[in-house]
Amino acid sequence: MEFFRYTRTFNFMGKSKLAMILSVLMVVASYGILLTKGLNYGIDFAGGTVIQVKYKESAPIKKMREALKSDPLFASASISEFGSPDEVVIRMKTSSASVTRDIGDVTRQVLKGSGDFTVRRVDIVGPTVGAELKEKGVMSLILAVLGILIYVAFRFEWRFAVASIVALVHDVSIALGMVALFGIDVNLDVLAGVLTILGYSLNDTIIVFDRIREGVTNKRSMGLEETINESVTRTLARTTLTSLTTFFVVFTLFIFGGEIIHPFAFTLLVGVVVGTYSSVFVASPILLWFGFDVKNYHTKLAAKAKREAEKQRMREQFESGVV
Amino acid sequence: MKLNYRIVIFAFAIVFGIVFSIPSLTQSETGKKITLGLDLQGGLHMLLGVKTEEAIQSRMKSIAASIKHFAERNDILIDGLTFDESSVKFEILDSDEISKFDDFFKKIEGSIITKSTTSLSLKLTAKEIETTKKEAISQAIETIRNRLDQFGLSEPVVAKQGEDKILVELAGIKSQADEQRARELISRAAKLELMAVDEDRNARVYSMSDSDAAEYGDTILTDAKNPSIKYLVHEIPILDGGMLTDANMGFDKNNRPLINFKLNAEGADIFGDFTGKNVGKRLAVVLDGKVYSAPNINERIGGGAGQISGNYTVMEAKDLAIALRSGALLAPIFMMEKRSVGPSLGADSIKASMVALVGGFILVILFMIVYYRLAGVIANIALIANLLILLAIMSLFGATLTLPGMAGIVLTVGMAVDANVIISERIRELIYEGKSMHKAIEEGYANAMRAILDANITTLIASVVLYAYGTGAIKGFAVTMSIGIMASMLTAILGTHGIYQLFDHKISKSKNNKFWFGIKG
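As given, the protein sequences belong to chains H and P, one line each in that order.
Under our numbering, think of the first position of the first sequence as 1, with each following residue one higher.
Under our numbering, think of the first position of the second sequence as 1001, with each following residue one higher.
Just chain H, with the same shape it has in the complex (with noise of 0.2 angstroms):
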């Protein structure tokens, strides 16, 4: 199958304007919604109780609202539908800290009589380790960003690690943008999400960046913009079959892997969709924007293989010893 051959050139890089404006406005878009909206910060950053229960058959929602009232501890208390009908999580803001007086036997206390259940799962996280565990997830995702940046400006270049940067930074905003508006609670597994758009976008962009120092360095009659047009358009059917393959499962992962696992599934849905986009939209005409200098480039390659030749010819001076 040739499904995804694509045997002319595209000028993408014709387009870019016309993406950048699409990007510019998603991005805007997602600060908008996460400065109003803001995200939805589930108990492992802000702390607080989930509690959840699984009845026999379809949950009283109505009378386990009345019965918490009976209780102060359940002061703050909502209970939403957690996948199925038979099934409930109550949120609650605050966390008990006694070790031996368990909100989950309260819990089972208070709605007794209101039909048959079990309590599944019963998650308390105290204010003191929400915050440090807010403050360990912007520091992992700065570290990644600031480990990612060296890396590719070693292999690369500076303006290479730049692009892929504000592709990244572009991909992780719109994801919490698109988080924020669906209000999916943010919490651990969120944050894993997000960091696993960051390698996988920039695994995307990576792709498309070989292709291009390929080209730069192997056809030197080219200029850049056709060059990109030219690299991005040979990935372009690795780019799309990829992002298939991990759409598939990431897709079976939202749609059959539970209700627990739906926020990062979720996450990782518009991450795909998002990076793949931004691999061929975003980071390529940003290299272009930012002056990427052909011949520069070519000057100091062709100075590093001087040196290396230096090198190779000394070793063998070395070696057969006429030093």
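Worth double-checking, as some hints may not be accurate.
Covered by chain H, according to a simulated footprint, are these stretches of chain P (three or more residues, beta-carbon under 8 angstroms) [said to hold, decoys possible]:
| no. | region |
| --- | --- |
| 1 | 1211-1223 |
| 2 | 1449-1459 |
Derived pair list, reagent style DSS-like, types lysine-lysine, alpha-carbon separation capped at 30 angstroms [unchecked claim]:
| no. | chain 1 | residue 1 | chain 2 | residue 2 |
| --- | --- | --- | --- | --- |
| 3 | P | Lys1051 | H | Lys112 |
| 4 | H | Lys311 | H | Lys15 |
| 5 | P | Lys1160 | H | Lys134 |
| 6 | P | Lys1107 | H | Lys136 |
No lab work stands behind these hints, which were simulated from the structure alone.
Note that CB positions come from ideal geometry on N, CA and C, so glycine has one too.
Got chain H; can you put chain P on it based on the hints?
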């Protein structure tokens, strides 16, 4: 068929993968296996904090007790012995005797003594306070570990996390009652104190407030069985549980469970002295601030053995004996984070993620065969090998598989074929350019190598950061991702190349591009 080093390494890798993943796949009794995380098998995860300030106060209390005993032993008359959260103060009636305490204080590490003519006050240095707090944490870890070891759960995890937190993980808690029991056992202070009832004033206890009692150096405690009964006892105990050497469950003459305890030599000495001097008065057996019994002292009690009786069930008495035996908590603990997952939810999570894994796997495998024909089949062999090696390495290290870890495996399936897609696309390109299949394969691998390496290393950087900063279940995701990426470099680059080289003579002769790479022409 031509053997080459690549195929040999690949074959070894597959054998390695099969051999070491078998124990995990078949869930056999022997061999190293992947352990399921608490979120998959159900269990209790707790992060506990220690109220270290209270360790200082209890240290002060115990210093006060030893001062009192020392003074009584040596017939030094002292007065106004009090303690608070940072100091112990007392007065000596005969100022000449003040130097008698010099040697005694030397034995108390990190103490600062302030003397005036008749009064003495003791404080701890900042360093000593720090040490005491640290000790309270490590002692709490030790104590909780001891208690859980005797509780009979398989492999409880008790570890220090960060500077001042205690991580407790209990897998395989099956019932609510078990969880409750475990939490009570862990958090029980189990602080045993033997205290003297203030017989001069006890009659007035019901009309006294806490501050009234404090004025006399006393404190009001309630009865464990009947909270309306109150006792007025001297605030400074005769001795505390630190001098306990053993505690066991026993039965009284009515066959009710009780706890027998034994004191060490020093404790027995103090106990003997006290009972000898206070015949006719009462001695309160106080556990965690509640009076369990207050028998009359009929004669001097030597030997240092005693009993705690309460309305215990056999189970409660057993647990209490465990708690006493493994030592008191120097400072109370509190819950900072708790995650408990019931076994049924864990089973549901396994089921759901398995469906996702198998579903995603089949989709990818079919897609690769349809799109790339034989090249797809070869890529799929690499993919399966990748999964086996991933499982084998996780088994060997006894790694923990969590729900995010499962997601990591699912994601590995999607991303591991990426290398083969890159390589196959490169080979196709070269064939389009008119190169022979043999040449296209060799050049394709050479060209694709750099891109795959760079791409995988950057993903690896993100995974490593995630591992370093992640906690609990998220670490599991980073682990499976990292191992998956590294295994994919072996299987997808080296392995598939080896297979092509194995069939090199056939490929060289064949002109069937469709059969090998799914393309026309």
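Each hint, compared with the structure:
1. Counting residues of the region 1211-1223 of chain P whose C-beta lies closer than 8 angstroms to any C-beta of chain H gives 0; at least three are required, and the coverage claim is violated.
2. Coverage of the region 1449-1459 of chain P by chain H holds [criterion: at least 3 residues with CB-CB distance below 8 angstroms; count 8].
3. Of the pairs offered as hints, the one joining Lys1051 of chain P and Lys112 of chain H is violated, with about 34 angstroms between alpha carbons and a cut-off of 30 angstroms exceeded.
4. At most 30 angstroms may separate the alpha-carbon atoms for a hinted pair to count; Lys311 of chain H and Lys15 of chain H exceed this at roughly 45 angstroms.
5. The hinted pair formed by Lys1160 of chain P and Lys134 of chain H meets the criterion: a straight-line CA distance of about 20 angstroms does not exceed 30 angstroms.
6. The hinted pair formed by Lys1107 of chain P and Lys136 of chain H fails the criterion: a straight-line CA distance of about 44 angstroms is larger than 30 angstroms.
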